[in-house]
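Colleague: Sequence:
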Amino acid sequence: MADSLRRLINNESCRILQEKLENWYKDYHINSCDQNLNRCCEIIEMNSMIQGQLFTILNQTAREGGHYAGVETIKSRLLPWLGTCFSSTTSGRPFETNLSLIQESIEKERQLREFASTRKHEIQQLEKELNSTHLQLNLVQQDLAEAQMALEETKTKSATTLLAAEDEIVHLKAALKASQAQEESALRNLDRLNDYEQQVQILKDEITILGAQKSVLHSRLARSRSPSPRPCRSRSPSPLPLRSCSPGRARLTNAARHAHLVARFSDIYAQERLDAQTLLRTYIDDLEIVQRIIYVAAVESFHAAKMAFRQFKMRVRKTLSLTHSGPESLEDTVLDYIVRHEDLYDVQASVNEVIRAMNINPKISFPPEVDFIMISSLIRELCRVAFSMQTLVPPLDIAFGADGELFNESKYRRSYDSDFTAPLVVYHVWPALMENDSIIVKGEAVSKRGALWSCRSRSKSRSRSRSMSPILSHSASPSRTLLPRSRSPSPIRSGSPRL
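Numbering (this note's numbering), first residue to last: 1 to 499.
Don't take every hint at face value.
What the hints assert, rightly or not - Okay, derived cross-link-like pairs now, DSSO-like style, lysine-lysine, Cα gap no bigger than 30 Å in a straight line:
id : residue 1 : residue 2
1  : LYS363    : LYS318
2  : LYS120    : LYS26
3  : LYS173    : LYS155
4  : LYS120    : LYS108
5  : LYS313    : LYS442
6  : LYS411    : LYS442
7  : LYS173    : LYS157
8  : LYS204    : LYS214
9  : LYS448    : LYS363
10 : LYS411    : LYS448
Claimed, not checked - Across the chosen pairs, the derived CB separations fall in these ranges:
id : residue 1 : residue 2 : range
11 : HIS218    : GLN271    : 58 to 64 Å
12 : ASP343    : GLU183    : 49 to 55 Å
13 : GLN136    : GLU107    : 40 to 46 Å
14 : GLN271    : SER179    : 23 to 29 Å
15 : GLU331    : GLU409    : 33 to 39 Å
16 : ASP286    : ILE439    : 28 to 34 Å
17 : LYS177    : HIS260    : 46 to 52 Å
18 : PHE55     : GLN18     : 47 to 53 Å
These aren't lab readings, by the way, just hints derived from the structure by calculation. For clarity, every value in this text was computed on a predicted model and none was experimentally measured. Ideal Cβ placement from N, Cα and C applies to all residues, glycine included.
Let's have the full structure, built from the sequences with the hints guiding it.
Modeller: Below you can see the structure in the form of structure tokens.
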């Protein structure tokens, strides 16, 4: 008995067990589940070994006391403890509890390992993404650096170009000032030249008058030297009645203005007319209606400009007749004043008059959402040219045209879509320009076979697609709205055809 107890003490199993318990307690939160279970199993094995040795000592001690020695102690302490730990009713519960705890611990350990592996995988993925992001960031930084370098180069080039452009602008401004000075000098020289030409013309007239006076004096001298039974009763005519009126600016510049206005009339046909036609085609699909609108605009523009010229001329004549005195006639003075002050012509009033006349013209129609004011630029240019043409001697006018008239080769050109064998004009595209009774610029007309009567029936049955506005209807005179307009010939050109 003593030997067994001494061996147990010498074995230091209890001290080792205590140290293992203390170490396990210290490392419990650091170790894994398997490590903790291994530690627990080791402690249980050591504990079982110590319990085995203690049961051996207990058996030997009981034998040394006799047959019935220690019975009370065994009954009071050992058997209750054994009954509590190994009874049938409660013996499985601690084991099952420990087993369930072990299983839960194992399951949690497995979940923890899976979670750790998942987290480790996610961390690896995040590290890969972080590395790729770093690479992309480096690339973006390189691109940004290159872009900054390119921007700096562009700024440098732009600054150089701007400096060059500023220098060029300065040179151009200097050249413009020089050209303006040259132009002003040329205009002054031109004015001087016109004055010189006028003076030369006046001198030529004076020379002609002096020549006429010389011839008269020679005739008087011849008659006075010839024998005559009776004295000459008639005196020589005074040189003043032979004195002709010196021409003014209007007559001096008549040829140049004539050529310029004819060229301008042709330019309007080639440019402004096509621009107006293109603009109208965006609202009207029928080319015939568009061309009719432009032709009516041209005719009405010439009529309005002639009426405005007559009124302007009457006002000027009335004003100048009170103070007129000089070698020129009153008509030449009036015409010269109009030529010099054409800017006083109220072209906008003529444009409004043309638009009012077009609104009541039965041959043309227009969508209600738009107005003839769209082609006001064309009408304005035609009115200006027509007004200036009235200042010529003789004035220029457009030829009268009517649908169904016989086609005249010397008066019109056929349009590209015309029937070149048709004898009659279906409608007009552009009026012809006349001087007295001769055509100087041909117009344009459309000729087709069998289309004239259909056009007339369509024009009779066609209703106006837009009504006049209240302002236009009130401003129009009753004679314009109720009766057809009659146009009297111009007082300057009584032989020109009426519009």
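Colleague: Evaluate each hint against the coordinates.
Modeller: How the hints compare with the structure:
This hinted pair does not check out: LYS363 and LYS318 have alpha carbons roughly 39 Å apart, beyond 30 Å. As the CA atoms of LYS120 and LYS26 are separated by approximately 27 Å, the hinted pair is consistent with the 30 Å bound. With a C-alpha separation of about 26 Å, the suggested pair LYS173 and LYS155 falls inside the 30 Å cut-off, and the hint holds. For the given pair, LYS120 sits about 18 Å from LYS108 by alpha-carbon distance, which is consistent with the 30 Å threshold.
Distance check on the hinted pair: LYS313 and LYS442 sit about 29 Å apart at the alpha-carbon level, within 30 Å; holds. For the suggested pair LYS411 and LYS442, the alpha carbons sit about 5 Å apart, so the restraint of at most 30 Å is met. As the CA atoms of LYS173 and LYS157 are separated by approximately 24 Å, the hinted pair is consistent with the 30 Å bound. Straight-line distance between C-alpha atoms of LYS204 and LYS214 comes to about 15 Å, which keeps the hinted pair within the 30 Å bound.
Of the supplied pair hints, the one linking LYS448 and LYS363 holds, its CA atoms being roughly 18 Å apart against a limit of 30 Å. For a cut-off of 30 Å, the pair hint linking LYS411 to LYS448 stands: about 17 Å separates their Cα positions. Restraint check, HIS218 to GLN271: a C-beta distance of roughly 59 Å satisfies the suggested window 58 to 64 Å. About 20 Å separates the C-beta atoms of ASP343 and GLU183, a value inconsistent with the hinted range of 49 to 55 Å.
Checked against the hint of 40 to 46 Å, the C-beta distance between GLN136 and GLU107 comes to roughly 42 Å, which is consistent with it. Distance hint for GLN271 and SER179: a CB-CB separation of about 26 Å, consistent with the stated range 23 to 29 Å. GLU331 and GLU409 have their C-beta atoms about 37 Å apart, which keeps the hinted 33 to 39 Å range intact. The hinted range of 28 to 34 Å is satisfied by ASP286 and ILE439, whose Cβ atoms lie roughly 29 Å apart.
Checking the proposed 46 to 52 Å range against LYS177 and HIS260 shows it is violated: the Cβ atoms sit about 28 Å from each other. Separated by about 20 Å at the C-beta atoms, PHE55 and GLN18 break the suggested range of 47 to 53 Å.
In the structure shown, a violation is registered for the earlier hints numbered 1, 12, 17 and 18, in ascending order.
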